[in-house]
Every structure is written in structure tokens, then in C-alpha cells.
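Note that the protein sequences, when read in sequence, are chains A and B. Everything in the first sequence is counted per the working numbering, starting at 1 for the first residue and increasing by one. Everything in the second sequence is counted per the working numbering, starting at 1 for the first residue and increasing by one.
Honestly, the hints are just simulated from the structure, not real lab data. Be careful, since some hints might not be right.
[Claimed, not checked] Some residues of chain B that are not near chain A, with every Cβ distance over 10 angstroms (derived):
1. Phe21
2. Asp92
3. Phe176
4. Leu220
5. Ala297
[What the hints assert, rightly or not] If the Cβ cut is set under 7 angstroms, some of the chain A residues that face chain B in the computed set are:
6. Met54
7. Ala92
8. Phe94
9. Leu97
10. Glu101
[Said to hold, decoys possible] Pairwise CB distance ranges (calculated):
11. B:Arg121 to A:Arg108: 21 to 31 angstroms
12. A:Thr78 to B:Pro98: 12 to 22 angstroms
13. B:Arg202 to A:Gly140: 24 to 34 angstroms
14. A:Gln19 to B:His84: 53 to 63 angstroms
15. B:Arg200 to A:Met82: 25 to 35 angstroms
16. B:Gly163 to A:Gly73: 50 to 60 angstroms
17. B:Ser298 to A:Gln19: 37 to 47 angstroms
18. A:Pro170 to B:Ala125: 36 to 46 angstroms
19. A:Asn137 to B:Glu215: 22 to 32 angstroms
20. A:Pro134 to B:Phe129: 32 to 42 angstroms
21. B:Arg200 to A:Asn137: 46 to 56 angstroms
22. A:Thr78 to B:Ala125: 43 to 53 angstroms
As the structure is a prediction and not an experimental result, all values here were calculated from the model. The beta-carbon is built from N, C-alpha and C at its ideal position, and this holds for glycine as well.
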Amino acid sequence: MADANNVLEVQEIHTFIGQFHILEGVTVTVSRGSITVLLGRNGAGKTTTLKSIMGLTPPSQGSIVLEGQSLMGRRSFTIAQMGVGYVPEHRAIFRDLTVRENLAIVQRKRDDLERRADFIFGLFPDLKRFYNLPGGNLSGGQQQMLAVARALVPENRLLLIDEPSEGLAPVIIESLIEAIRRLSAQTTVLLVEQNFRVASILADRYVIIDDGRSVVSGQMQDLVQDEALVQRYLGVA
Amino acid sequence: MQRTRGTYMLILTLTAGLLVFSFVTSAGDLGSFGTTLLSGLFLGALYFLVASGLSIIFGLMDILNFAQGAYFMIGAYVTYSLFHMDALKGIDVNLRFPLGVLAGTIIGGLLGAVLERGLLRPLYARPIFQLVLTFGVAIVFGEALKAIWGTEGYGWSTVTSFGIHQSQFEIFGRQFGSYRLFVVAVGVALIVLIGLLLQRTRIGIIIRAGVEDSEMVEALGINVRAVFTMVFTLGCAVAAFGGAIAAPFLGANLGMGNAFLLPAIAVVVLGGLGSYMGTAVGSFMVGLAVAVVARFASEFLNQTVWASITPMLLLILILLLRPSGLFGKESR
Ligand SMILES: Nc1ncnc2c1ncn2[C@@H]1O[C@H](COP(=O)(O)OP(=O)(O)O)[C@@H](O)[C@H]1O
Ligand SMILES: [Mg+2]
Chain A
1 MADANNVLEV QEIHTFIGQF HILEGVTVTV SRGSITVLLG RNGAGKTTTL KSIMGLTPPS
61 QGSIVLEGQS LMGRRSFTIA QMGVGYVPEH RAIFRDLTVR ENLAIVQRKR DDLERRADFI
121 FGLFPDLKRF YNLPGGNLSG GQQQMLAVAR ALVPENRLLL IDEPSEGLAP VIIESLIEAI
181 RRLSAQTTVL LVEQNFRVAS ILADRYVIID DGRSVVSGQM QDLVQDEALV QRYLGVA
Chain B
1 MQRTRGTYML ILTLTAGLLV FSFVTSAGDL GSFGTTLLSG LFLGALYFLV ASGLSIIFGL
61 MDILNFAQGA YFMIGAYVTY SLFHMDALKG IDVNLRFPLG VLAGTIIGGL LGAVLERGLL
121 RPLYARPIFQ LVLTFGVAIV FGEALKAIWG TEGYGWSTVT SFGIHQSQFE IFGRQFGSYR
181 LFVVAVGVAL IVLIGLLLQR TRIGIIIRAG VEDSEMVEAL GINVRAVFTM VFTLGCAVAA
241 FGGAIAAPFL GANLGMGNAF LLPAIAVVVL GGLGSYMGTA VGSFMVGLAV AVVARFASEF
301 LNQTVWASIT PMLLLILILL LRPSGLFGKE SR
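With the rest of the complex left out, here is chain B:
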């Protein structure tokens, strides 16, 4: 109890600190402050979509899936190219986008199933091999994307885009893209949905039990390998979904995999390994920190590198205060 309260105090203090810092340095420009805040929530939602799979897969299967960022890219590329494909231009933009997202998600999930079944399954007794393997797969996927779509990144113009992507709303006399708010809402919806899946369904009970002791789950009559395949597939599909819904804002490029994988790894560790709550809260903390630092650094320091190392700095800070992460078990 004591410990939990301390954890919430720490979260509140850090979050409030970031907000106050951002507010003060924006020198009363509420529009600029609002943009930073929205950008932080937007990044947080996307970090969550990559980190949730990473976290659950790690908890259950003890695999740190370095290919998770590649699945994010695959989702973005597939959605981008289906939306902009000449052959599909006959389909209404407001339908073409969700179809692209669906396709990107499904392809990500299928490739996840193939990776788990074909490559990881023979290596369950060898965790180090698996780690190296997912790293290799990430590189192979990156090269494959390069071979198919070239090295130039793609930007997604709002001019010919679908409804929410074009629409804007105004606060503090400044225009904000509604799409970013939509991504935040989708991220929050997924946090709730996956949370309900874990807490309220039979498969959720099995996953949580497997995070504690998968051998025991098997000995109780549950086909744990089948659960592994399902969870891995879902984790990759959610990451691909993240890339798919990020594409209208970020486009599709070869850097986005690592740009989201590394913060997601920081999220999973600082949230506390194996803790879903930690991953959800950690995602938004890292998102907010990155947005705050990015704005500050670009305005005052003329240096963009600070934003990319922010997740790791936050990770170090939190691990110094809480060696097992925000919601991690002491023993881990």
C-alpha cells in the first residue's frame, strides 16, 4: 500500500513537473503549450501501441521482440500505399483509410504468426538465440521495405485525405489537427480494451497466469504454445495497427521503426516488467516528456537530439528512484 502510494506520488510529481516546465517555458503562449500537450498525448498513444505488445510478449514468453518496431513500419507502409494506390482511387477516401488500416493490421498479425511459429518456436529453450533472431528479423523487414518502397520516405498530404485528417479544431486561438486527437482516443480505447481482455476473459486469466509461470499453466491442461502464438500475433498486429494509424500524420519511412521501438522499450522497463498498468502509464509519461523536451530543445537549444534521448533519460531517472520500475515486482 505504502509503496503504491509512493508510486502514484512519483508519477504525479514527474507529470506535473513536465507540465509546469512546459507551461513556464512557453511564456504564457497557451497555444504553444496546448500543442505540446496534444503532441505528448499523441506520442503516448503510439508508444502504447508498440509497447503493449512488447510488454505482454516479454512477460509471457520472455522474448524481447526487437522486431516490434518493424511491425509498426509495416503497418504504416501498407496503409500508406493502399490509400495512395491508383487502382483503389475509386473507393471513397473515408472508406479507403479504414480498409488500409485493417489490411496493415492483418498483414502485421500474419507476419507475427509466421515469425513465432516458424522461427521462434524451435528456439524456446534458447532465449539469447531468440533475442538475436528478432533483431535479425527487424533488419530483414527493414531491408524488405527498402526493396519494395525504396529509401525515400513518404509524406501523407492532408489535401486529398479523408475527413478527420483534414478537419481542425481551435483552442486558445490556435488550430489543431483533429486527427491527433482521434489517435489519442483510439490509444485510450485500446488501453481499456486490452485491459478488459486481460482482466475479464478466460484467455486473459491464462495470459496473466502464464506471465507468472507458463510451465505451471501448461501442467494444468492448457496448450501454452497455442497461447504464445496467439499473443505474439496479437502483439504484432497491435504494433502494425499503431503504424497504420500513425501514417496519416507521420507518413511512412525507414526511420520510424527505431523511433518508436526504443521509446517503447524504455516504457516497458520504466513501467515495470510484466505490468500492463505500468506500460499504459509509462507510455503517456514518455510521450509527454518527449514532446516537452522536443519543443524546448528546438526553441531554445536548436538541438533535436535531446528529444530522442529523452525516453532513456526518463528511464534512468525512474530506475534510480524505483529499481524495478513504476509497477514492477520487487523481486524482478
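This is chain A alone, in the form it adopts within the complex:
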């Protein structure tokens, strides 16, 4: 079961929020260098899966292993320090902090930002232009780019990205797709994406979550062909 080729192995996790049993058995494996996408309807439990990995809604059962080390029972900041970058949904950047401060806060070593600046500004040139502006003054697309950039400052082993294309204009989505494709050459990615077209362009593998359970997984190219499956769980296509 433990496969050295997998960066992340999530096995049968159960998560409660208050008294609500939100995840009732989610299994996800993410192999090194891949982009794996979590699909599923609104409220299926995709965000909760990412938050469970991140330790923000700690699972009560199951196992989560990052390159051989268990993440269960660890505090969120430790999980981040172990090399998991998190890009939350709704572009949760710090609006009162400048772009520079939004990036600097994530530094683990003094020169992280300096070392990664070329890579980050290569992906997102706008962030360099607005370096000293408060995050709240950026456009929606720029804020999303800042949220992704923030996760790139330290050298992470795995990036969790939650619905990056949500609410963005088509042309912005295209440049975001391009950026995620480029950054995935360096880092393994677990993506949540409601936009099926975006998911099918980016992802190598998929896992469908339905009603708090992972129900099907496989190669993205196979899913694209399987209209019945897509119709059943995603109600699109």
C-alpha cells in the first residue's frame, strides 16, 4: 500500500464538524509530479477533504501520510512546515497586507522570497507591479494569483489548491491554467475544480467525492470519455 511514488496517501478518513459527520470515508492518493483533481457537486466534501489534510478540520479516523510521515493529530502549522502549501477557496488573501507582506509572511527562511521571486514573478508579473499595494486593492484574478503565489514561497512538496477558477473571467482562467501547469513541473498538486473543462485540461488523475465519500477514481482522460459517469456524479457534460 505504501508506495514511494505517492506524495500523499489519504485512506478512509472520517471528519466531523461539530456534530455533523461530513466525511464518511474519503480515500485519495496523489502520485509524485501529478496533478490530481477532486471532483464532485457543491457540498460533496471537497473543501473539507483539503482542510482535513491541512489539519484545519482534523479527521477522527483513517490515515493521512505525506511521504511516509503521518499527518494525523498534527497541528496545522506543523503540516504546513512539513511542506504542504494551501490555497484556500474564495481567494483568502490578507486584504490589509501588501502583496509583499502577503508573500513574506510565509517565509520559513529569511531569503525564501528572494530566492523564489524570479519564479513567482515569472508566473504572475502583475504581482511585481503591485508589490506594495494592499491585497484588498487587487482585482479578483490578481488576488487569486497572490493566493497561489503565497503557497509557492517556501519549497513545498504538495500544493492543495481549492477552486482557483471560481468567479474569474475566461481570459484570467486561461492564464491561471498556464501558471498551474508550469508550477506543477516543480510541485505535486491536489486540486479542487468545479469547472470541468479546466479540470480536464490540467489533471492527470481524478477522484470523485459524493456525499462525503470518495466513489470513483482513475485517469482523467478516461473520465472525459465516460459521459455516463460524469452525468451521474457531476451533472455536467
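Using the hints provided, position chain B with the ligands relative to the given structure of chain A.
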């Protein structure tokens, strides 16, 4: 931009109004007007020392720390008693005072750390419990001070005191205690210092980010609980420091906790929750308003209660004009 300009106009109008009112009612007695002004700045500086911790702790941790006034008292009592302790009389007065202030500040900070670590930390999921708890702790501290120092208040005589406390300066033919000016200067220095800490240091960036979304800060790899402890400790230490430097002027008594906590709460709300700028500006506005009303009421109305309700009246007035406070976010 529009909104910011309106805010500054409002601040200017209220401040100018208070000054003109005070000037007119002092009937040309510049000495009396000057005393009121100095007294307002003095109170403003002390309100800031209590309110700054209250404001930053509330912004970051969502705790309204009702014990903040008790820390102010602790600082005053510790400093008062060390300065007047027979065993320490051998130490020069000009050294004994700063040592007393240092001790009061450190003890306040330590008690702050104990409160956060021991009592508040287990309750982070339960804000109402925390509120009740800090209220209870305020009462316990008050009773402890009573048990140690008795119910009688202490006054600090200038006769055997240290240098600045004894010295006076003269304007408009009237003598003013230099010590009050010193407290104002210390208050302003702390506004700048804490402001620099928030704007220019890594921990400041973390605190400001945490005020927006502490869960996200944690998810980025920062031990937020450790930051909470640090901020809470500092907030209590600054309040204790306020009490410590207030002691030569106000002495030490059991009423001073609430006398400063309530205006400080008004300051934090009228300045705009979560805004450091609002807390700094609000402190001096409330200080000035209290001083102006206190003088007017004692001279013309023979009623001291007006001064104690002034912070709340100002709070109501400002919230009517600006529902989220002077510098508050619209959404809050
Ligand atoms: N804080 C919460 N309290 C109660 N229920 C929640 C909370 N957060 C999420 N849920 C519920 O958990 C389910 C999964 O939510 P989520 O993981 O956000 O779904 P998705 O990201 O797939 O749209 C939903 O039914 C949602 O209503
Ligand atoms: Mg979601």
C-alpha cells in the same frame, strides 16, 4: 478616500469643538484652559495604554479582555508598594521608581501569560466562556489586591518623591506638574513604538494577518497559539505599565481598574474594532472629552458623574455618525 476624509473631518470637528467649548467656558483663564488640555492628554495617554492591548487582543483573538483594568491596577499597586517599601529605601528615588515600574510591568506580563496559557487556551472554541472568564479573573484580581493591600487607597506624595514627579513648569502664570507631561510623552512614544512593531516587523505582519484570519495564518505554517500567548502577555504588560506610570499621580486604589477599563472599551469601539490607528486617536479624543467635561461639570454643575459617563456618550455619538467606528471596516 472619500470616507477617510470624512473621518478626519469628524475627528477635527469634535476635537475643535471640545477645545473651543473648554476655552469659552474657562472665560479667558488660560491657566485653567491649559490645565484641562494637559489633563486630557494625560488621560488620553493612559487610556491608550489600557486600550491598545484590549484592541490588539480583541482583533487577533476575539477576546474582550475584561481583566485589562485589573492589570492596570496591579501595575499601580506593585509600583506604589515597591517605591514605598522600607526595605528598598536605601535605593535612590530616581532609580527606585523605574525599578518599580519595571517590576510592575513584568508581573503584569507574567500574570497575563498565566491567564492566557492556563485559563483561556482551553476555551478558544467558546468565546462566551472566555468573556465570562476574563470578567471572573478581573474580580479575583480585585479581591486579591484587597486581601494584600486592604480596601484603603494609597496616595503618592510628591514631597519624598523622585525628580520629575517633584518638578513643575510654568505657562500662563500657572504651575503644572512636569510628571503629567512625562506621561504624555511616554504614551506618545508607545504609540509610535507599537505602531512600528505592527508595521515593520515580521511579528507585526503576523499579528495584522491574524487579525484578518488567524486560521489561515496557522495554515501557512505559523504557530498561532504561540503568537496569541505573546500578544496577550504584551497587552497585559502594557496595561500594567500604564498603571505603574500612573501611580505617582493617581496613587493605587481599587476603583482605578474600572475607571480606566470602561473608557478603554469605549475607545476601542469608537476607534473602530481592529484598528490600531482608531485606538490611538480615540484614546486622546476620549481623554480630552473627559477632561473638558470634568472641569465644566465640577465648576458649573457641581456634579462629577458627567465625567464618568463621557466616554460612553462620545461612543454613542460617534457610532450614530459612523456605525463601525472612526476607522472600522464597513463589514464589521
Ligand atoms: N462549518 C461547517 N458546519 C457545518 N457544516 C459544514 C461546515 N462546513 C462545511 N459543512 C458542510 O459539509 C459539507 C461539505 O462541504 P464542503 O467540503 O465545503 O463541500 P465542497 O467543497 O465539496 O462544496 C456541506 O454539506 C457543508 O454544508
Ligand atoms: Mg468547496
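Now for the hints, and whether the structure bears them out:
Remark: the non-interface label on B:Phe21 is consistent with the geometry, its nearest Cβ contact in chain A lying 36 angstroms away (cut-off 10 angstroms). With a closest Cβ-Cβ approach of about 44 angstroms to chain A, B:Asp92 is found to remain outside the 10 angstroms limit, as its non-interface label requires. Taking the minimum C-beta to C-beta distance to chain A, about 40 angstroms, the non-interface status of B:Phe176 holds against the 10 angstroms cut. Here B:Leu220 does not stay apart from chain A, with its beta-carbon only about 5 angstroms from theirs, under the 10 angstroms limit.
Non-interface status of B:Ala297 relative to chain A is upheld: no Cβ of that chain comes within 10 angstroms, the nearest being about 40 angstroms off. For A:Met54, the shortest C-beta to C-beta distance to chain B is roughly 5 angstroms, which falls under 7 angstroms, so the interface hint holds. Of the supplied interface hints, the one on A:Ala92 holds, with its beta-carbon coming within about 5 angstroms of a beta-carbon of chain B, less than 7 angstroms. With a least beta-carbon distance of about 5 angstroms to chain B, the hint placing A:Phe94 at the interface is held under the 7 angstroms criterion.
Taking 7 angstroms as the C-beta contact cut-off toward chain B, the hint placing A:Leu97 at the interface holds, the least distance being around 6 angstroms. Annotation: interface hint on A:Glu101 holds; nearest CB of chain B at approximately 5 angstroms, less than 7 angstroms. Taking the beta carbon of each, B:Arg121 and A:Arg108 are about 25 angstroms apart, inside 21 to 31 angstroms as hinted. Taking the beta carbon of each, A:Thr78 and B:Pro98 are about 41 angstroms apart, not inside 12 to 22 angstroms as hinted.
Against the hinted window of 24 to 34 angstroms, the Cβ-Cβ separation of B:Arg202 and A:Gly140 comes to about 28 angstroms, which satisfies the hint. Look at A:Gln19 against B:His84: about 57 angstroms separates their beta carbons, and that is inside 53 to 63 angstroms. The beta-carbon spacing between B:Arg200 and A:Met82, approximately 30 angstroms, falls within the hinted interval of 25 to 35 angstroms. In this structure, B:Gly163 and A:Gly73 meet the distance hint of 50 to 60 angstroms, their C-beta atoms being roughly 58 angstroms apart.
At roughly 58 angstroms, the beta carbons of B:Ser298 and A:Gln19 sit outside the given window of 37 to 47 angstroms. In this structure the supplied range 36 to 46 angstroms holds for A:Pro170 paired with B:Ala125, their Cβ-Cβ distance being about 42 angstroms. Judged by the Cβ atoms, the range 22 to 32 angstroms given for A:Asn137 and B:Glu215 holds: they are separated by roughly 23 angstroms. Checked against the given bound of 32 to 42 angstroms, the beta carbons of A:Pro134 and B:Phe129, roughly 35 angstroms apart, stay inside it.
At about 21 angstroms, the beta-carbon gap between B:Arg200 and A:Asn137 misses the expected band of 46 to 56 angstroms. Checked against the hint of 43 to 53 angstroms, the C-beta distance between A:Thr78 and B:Ala125 comes to roughly 20 angstroms, which is inconsistent with it.
Of the numbered hints given earlier, the model fails hints 4, 12, 17, 21, 22; all others are met.
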